[in-house]
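Asker: Sequence:
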Amino acid sequence: MRTRYRLPKQAGLYPKQMRQSLRKFVTLPQHSSFTVPVRTMICTCPEGWVPNDNGECHAVVVPIPPGCTSDNDCPTNEACINRLCRNPCDCGTHAACFVQNHRPICSCETGFEGNPNIACHTVGCRIDSECESGKACINGNCINPCLVKDPCGINAECYVYQNRAECRCLSGYRGNPLERCRVVGCTSNSDCPNDRQCINAQCINPCLYDNPCSPRAECRVQNHMSLCRCPPGYIGNPYVDCRKEIKPECREDSECPSRLACINKKCQDPCAILEPCHTPAECQVVGSVPVRTMICVCPPGYISSGSGTCNPVTAVKEFGACVNDDDCPENKACFNAICKDPCKCGPFADCRVKNHKPVCTCKQGYDGNPEIECTRVGCRRDDDCSGQHSCINKQCAPVCAADRSTCGEKATCYGANHRAICECPPGLIGNPKISCILVGCRSDSECPGNRACINNKCESPCASANPCDASAECVVFNHAVECTCPPGTVSDGKMGCMTRDEKCTKDSECPSQFACIGGKCVNPCKTTEPCGVNADCRVLNTEPVRTMICECLPGYQGNAAVQCDRMPTCRTDLGYEITPDGECVCSEEKGLKIDENGNCVPAITSQFAYHEEKEKQKNLHLTSKSAVYLMVCKLRSTLTNKDSRESST
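Under the UniProt record's numbering, think of the first position of the sequence shown as 1, with each following residue one higher.
There could be a bad hint or two in this list.
DSS-like, lysine-lysine: derived pairs with alpha carbons at most 27 Å apart [to be verified]:
no.	residue 1	residue 2
1	K363	K394
2	K354	K520
3	K266	K244
4	K410	K433
5	K247	K506
6	K526	K244
7	K344	K135
8	K520	K503
9	K433	K266
10	K244	K265
11	K340	K526
12	K457	K433
13	K394	K410
14	K340	K357
15	K363	K526
16	K149	K344
17	K363	K344
18	K247	K433
19	K503	K526
20	K265	K433
21	K244	K363
22	K363	K520
23	K520	K266
24	K526	K506
25	K457	K266
26	K363	K503
27	K526	K357
28	K135	K149
29	K247	K265
These aren't lab readings, by the way, just hints derived from the structure by calculation.
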């Protein structure tokens, strides 16, 4: 506030002189100042002061409002909030708060964790939402999932998105980040997926670029290499040609009607094809499984003598009945009064009969107990050896032996399929049997058949990317890989081998008289027992399956598949005769009778004469058949003399 004063008439004085002159006339208020405009005096109070009604300056009194103006106006455990001293704590749930220097300090309560300014949760977790966005609930704990188990493939990085581990390819790479990210373009096969090959710095399907398969074969890629195989229903070499597989009509007897057998993969009548029976025997088929059985049925008046033959009942003694081995041919023995083949040797053994006794010997190339089983010794053919060996002088020898110079200069030798194969080492090309020279390649066609162009070098794909399992042998044919199985193993249908466990798959793999049943070579006659009582079973070596034949034992007749009955032996050595109808009689019409000992003797000849005749027969070592012949001749002579005397009288 300013107060104006009129100056006295002494104007024009200098300010200092004016001030001194003015003070003579005007008394200024305390704490006031003055200015001297032209002939005017203005008094102004300094800052913080104001004039009152009397023109005096006094200090301005600022009213102090109620409450606080700063934290310093409050106790240390409070803060000035909206001009009021209050508790500043505003922590999240399950958080404790204490105040220091007017500032709140939040901390999670015991047993809780998290951001105390927002919310605290119990230690551990149950679901991902209880964790921070960069963590996941794993085993009850909030953990970065990328640190627990990195799910990403090669050249990929892991990051967390919405509590989950995600994968992405590194900069400059592309592909499946869960498996492998590859650099844009390629420098080697390892930069490409397994079903692609690095060709001209590009990952290309080799089946589309340079298909090595025959027109009807399928091409597939494994470990960057093209592999060929014939499609289902076709067989052959897929690199040369695949031909349609002719499905056989049958593979085993059970696939045929009951009266037919599987012979040469066709259902045929085994009796007509094999002709096991000899005239006058009739062949009949029994629908046994797994192998059909044939029986040779002898007509009335005939009796089986074994080997599919029937003999007249008059020849029973000569061909079958016996008391001891001496009554049988040298190659037969007497079993239960029947002359039979005594051979019962083990598998892979040969049998010969000497003095009615069987002599078993192991087949060539086998050793062991021939009466039980013979096992293979050494080798007889290349297939008995591994693919890198061949059978030489009955021994498996390496085909790449040091004493054989089969390969050319700088060439290496390896064995496959029992043959020595020469090849040029990686980086060399040429005729391996003559010489190998250093040269690069651009495609497989520029390499030998047992090499492929890999990274501009002719290399073995078996060495760089062997697709075969450890159990299989990797060989290269027409630049592509083939997996072969060593002896004793078979393919598992994929790229490996499995042990065959010496199991057979077809009858032809078994020795003679044995069939493959349940993966084992067994005698089907003993396993299936298709024949009836008093009948003998023998095996015919037919293919693809063996065939059994049942025959009545010598001296027996009937249905060999059901039961054979013993044919009564006509004791011709006691004087009996066999009629054309097969009956054994002591004919009274011919002057014969049965004495008290059961002998058939001439009715007009004394018992003494008969026995005397018998003694002569023994002394002459005559056979029973000859004795009967002499007896009949004598009887006829007696009857003739009697008739002549009666006629003369």
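Asker: Determine for every hint whether it applies to the structure shown.
Answerer: Evaluation of the provided hints:
no., hint, result
1, K363 to K394, "14 Å, holds"
2, K354 to K520, "31 Å, violated"
3, K266 to K244, "19 Å, holds"
4, K410 to K433, "10 Å, holds"
5, K247 to K506, "17 Å, holds"
6, K526 to K244, "39 Å, violated"
7, K344 to K135, "79 Å, violated"
8, K520 to K503, "6 Å, holds"
9, K433 to K266, "48 Å, violated"
10, K244 to K265, "17 Å, holds"
11, K340 to K526, "17 Å, holds"
12, K457 to K433, "20 Å, holds"
13, K394 to K410, "32 Å, violated"
14, K340 to K357, "11 Å, holds"
15, K363 to K526, "23 Å, holds"
16, K149 to K344, "68 Å, violated"
17, K363 to K344, "15 Å, holds"
18, K247 to K433, "42 Å, violated"
19, K503 to K526, "19 Å, holds"
20, K265 to K433, "44 Å, violated"
21, K244 to K363, "39 Å, violated"
22, K363 to K520, "20 Å, holds"
23, K520 to K266, "24 Å, holds"
24, K526 to K506, "18 Å, holds"
25, K457 to K266, "52 Å, violated"
26, K363 to K503, "21 Å, holds"
27, K526 to K357, "22 Å, holds"
28, K135 to K149, "13 Å, holds"
29, K247 to K265, "9 Å, holds"
Comparing the model with each numbered hint stated earlier shows that hints 2, 6, 7, 9, 13, 16, 18, 20, 21 and 25 do not hold.
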